[in-house]
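Trainee: Each chain, letter by letter, is given below.
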Amino acid sequence: MSSSNQTDSLHPLEIQVLRALGAGSTESLKDPELVQSTALAPSQVSMAVGWLLTKQLVSQVSETTTTLVVLTEVGTQFQQTASPHEWIIQTVQAASQDGEKRTVKDLQAIGQFQPSELSRAIGLLKKEGMLTLGAGGSLHITEQKSSSVEALRWLLNHIHEGSRLLDSFSDDHQALLRQYAVKRGNTQEPFRIDDHTERAYGLTGKGRNLLPHLREDAAEEISQLTPELLKDGSWRKYSFRKYSIQLRPPRLAIGRRHAYREFLDTVKAKLTSMGFQEMRGELVETEFWNMDALFMPQFHPARAIHDVYFVKEPTHATRIPEPFLSQVAEAHKNGGITGSKGWQYSYDPERAKRLVLRSQGTAVSARTLASNPPVPSKFFSIARCFRYDQVDATHATDFFQVEGIVLGSDINFRTLLGLLKLFATEMAQAKEIRFLPAYFPFTEPSVEMHVRHPKLGWMELGGAGLFRSEVTVPLGVTVPVIAWGLGLDRMAMVALGIQDIRDLFTSDLEAVRNMRRKP
Amino acid sequence: MPTISIFQEDFSRLVGRPASMSDIEQWMPLVKGEVKDVSNDTGEIRVELQDTNRPDLWCVEGIARQIRSVLTGSQTPYTFFASRGRAKRRIQVMQGMETVRPFVAACASLDYPITELGLEQCIQTQEKLADAFGRKRETVSIGLYRLASIAFPVTYGLVQPNDVRFTPLGFEEKMTPHEILTVHPKGLEYGGILADCEHLPLLWDTNGQVLSFPPIINSRELGEVHIGDTELLVEVTGTDLSMVVLALNIFASNLADRGATIEPIDIVYPYETTMGKTVKTPFDMGNGQRVSFHAIEQALGMPLGAEAIQTALAAYGYQVKATRQSVSVKLPAFRNDLMHVMDVAEDVAITRGYDSFSPIMPQAFTVGALSEQEQTSDRLRDLMVGFGFQEMFSNILSSRQEFVERMRLTATEHDSLVEVDNIMSLTYACLRPSILPCLLRVEALSPRVFYPHLLFEAGEVARVDVEADTGSRTVLSLAAISAHPGANFSEMHSYLDLLMYYMVWPYDLEPVSHPSFLDGRVGRIHCQGQMVGYIGEFHPEVLEAWQIDMPTSGFEFEVITQKT
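First to last, the sequence lines map onto chains A and B. The numbering of the first sequence is this note's numbering, which starts it at 1 and goes up by one. The numbering of the second sequence is this note's numbering, which starts it at 1 and goes up by one.
Take these hints with a grain of salt, some might be off.
To be verified - With a straight-line Cα cutoff of 27 Å, these simulated DSS-like cross-link-like pairs (lysine-lysine) come out:
1. B:Lys330 to A:Lys333
2. B:Lys136 to B:Lys174
3. B:Lys136 to A:Lys333
Hints are computed from structural coordinates only; laboratory data are not their basis.
Whenever a hint applies, use it, and build me the whole structure from the sequences.
Mentor: Below, the structure is given as structure tokens:
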């Protein structure tokens, strides 16, 4: 970039700061000196210096941190009237001159200071022997002088004249200042101790070279075109300051969909485009729909207290609709009308009513099967599910399962594989697929699909199978049904650059705003 | 899903041919297994087995047997299942067992001097079967004994808790069953199974020596097997006869595979069982059925033909007897998982390999659609995003503190929640009744994040509803908050008003009091004749409870769609 281009794009503030640094008799100037010599506001100077540092026209020469003590509003108040200690002494002495006594309660009742301030001051005065407690809690001032009270007064007066360096005080005074300085949790203190950093800046070689080229007519420039300038055409009289367009722009707070939700939106769109209808269910389900209808026997290990969340109140649903309850019960007991031998145990219809937090999206499919669905048809759900798991990087308190069913008289093992192959190409852009035998209590045959994802390599994409007759027939469905489920969270996490599943649902706004899908 | 340890050399011997790691990986689909881990130091291979209905596969012998069968094309039958006549040894079951732990099965294992590895694998199988299949020993538990020291007949009966003393495994001194339940680690772990029993189950021999106190612990004298022992007694007790017998069948087959001669034992009951009053165990339950070739072909979508189906089933271990239309199939005695013709069809597919079935792409035309709720929710989300709101997506299981206490709703009409009974932690104890607390949680955690904060979430909440069958309803809700120094009622009112305009939902605001909001700056939202939600400026006590230092206002309403 030529130096004329560079000077053109300088902001008037920058030009003033550069001139001040160039004119100075010394190599560098500190911020207060820059404020003084440019006659700009401190915030303007720091803004201009910031820009110039980025452009490497100015560099920071030194940095010194000093600790200053100033009076707070409370301190100014104390300085002008009295500190709590002084006020106590004055008030008790004034009373005793009138032959009266004052107790702590009396002092509190006056309301000049907070009870906590008073008790702290009284504590100090007692400790230093200036105050004693007499009969009935009356306060007495002794002959003893309190060194702290005197020191505080000296400090109040001294600092009132202007801020002071903390180091300029004796160790005792410094300790006292720290004790009576504003802290987090106690803002009602007379002093404030601030770290103050002073930086000195100087011109870089590049900055010095620019000096002769700086514009003289900086004041004639305008920075913002206005409606007025346009209306009367007066913009013709001015030149427009050139911007430093390579600086980072200011930040915006915008409206946006949540990145994980957006991912699920694309899944949803994909599934509807493939002819799937959305189904929905309830967060609170009965064991009947969550497990029994899916031919999971009531003694199944995954139904134990440590696998499912049970609802506290009410514990049981009022009813399970017929004929489904009886037909499912028969399927469990001896197969009933399903052509199966069943699990051969005594089914407990009361247990079927036990309420749980839905532990698998398949519960939604079970309810759909029982609703006399058309044939052929395809359904999906993106259902929030709950598992009794220790929450960690791979287990969230609740999570989404993407799954569904396909009903049709032409459904068989090979059409099941065909559907999974379609999912592999549509959902994971995978061309290589492996089908492996799997086990689910509600399907037979059962399949696990592994795909070679273009970026992630071999991964399990989902599980599926043909619903057992013990599931479909008791719910009134006589055609074969595919049940499928897709595990998309890992793909989502990789796409969003997330390692911990809990981050999909984070409450950290910055993280949510920054989350974006990788190309 | 059980995970077990196997060793390559042991496995190769059992399969009957040298097995490389890649062979093992390749064979795993035959048993629904997956190699999880291989230790190069010890040669240990960790295998996870998926099928909870095939306990015979939860051991190296069973895995090897299934693979051997497919590789050789048939399952060599175990002759001891066919043994006839009276057995050499007998276990007498006493009256009263039927109410405590009714069933027992046992066999003798001879001629196989048990090796260190063999014993380790036996113990692993014993544990996996008792734990996962036997529901932590409740329905099935297994014991191994030194057969040579036992004088038959053995009695399986009840004793008074303090009447007998014997030395349990793991201890030096004699103890009564009662003492074992109160002191012994196994007694403490499994004692719950016998919690309600006045009398306790015990196995003792004709000389009065105690074999074990099932399902808790073996005696040390008879029930501690040593490496090199050639004569063993295997015993299974439990509450479900077919499970007890199946567990023994698996164990007997395993020992036979390692070279043992199995001799059955007669179990004599004083009561009737589904297998008779005297049951010779191991016992082949003969699980089988007649299935039509057509049904299998239809399920698999492939005209395989009768012969191919028979070949596949025989290779997978079935006994098959075919006619023209159908085939009588019988499972080997160590399996009992055949309920339906589809179970047979799957085994055909597994034997032939899933990859041998070419996929058929779906043909049927169906119309895809989103639910009414989802469509409405999507429209609302689009509008909110257009208004400049960032969408949030929260977990919905949290605490009463967040949903009620911090919202100033304790002991108000708004304090009922769907709560979890068996909570793991108080932090995850309730379903959210509304979304606003989730958004306030975000605000509380993000005070240093660039302002303004305009946040919204559309999603499900669970409302207590005594009218509903389940005591609650899942409701679609939309909530939004605005947090910045100038946040107030009127700002949120503008957004709500615009939202309702575009949704064409005429609405009214009714001035009311609500504990979460400042009086005079809160309204109840009525829409389509129903009370659907609230809008207001959050009460400073609510903000303090969340430790939020920024003025915040918000609204939330239930999204009512026609089809809800």
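Trainee: All hints are to be evaluated individually against the structure, with a verdict given for each.
Mentor: Outcome of the hint check:
no.	hint	verdict
1	B:Lys330 to A:Lys333	21 Å, holds
2	B:Lys136 to B:Lys174	26 Å, holds
3	B:Lys136 to A:Lys333	23 Å, holds
Violated hints are absent here; each numbered hint is respected by the structure.
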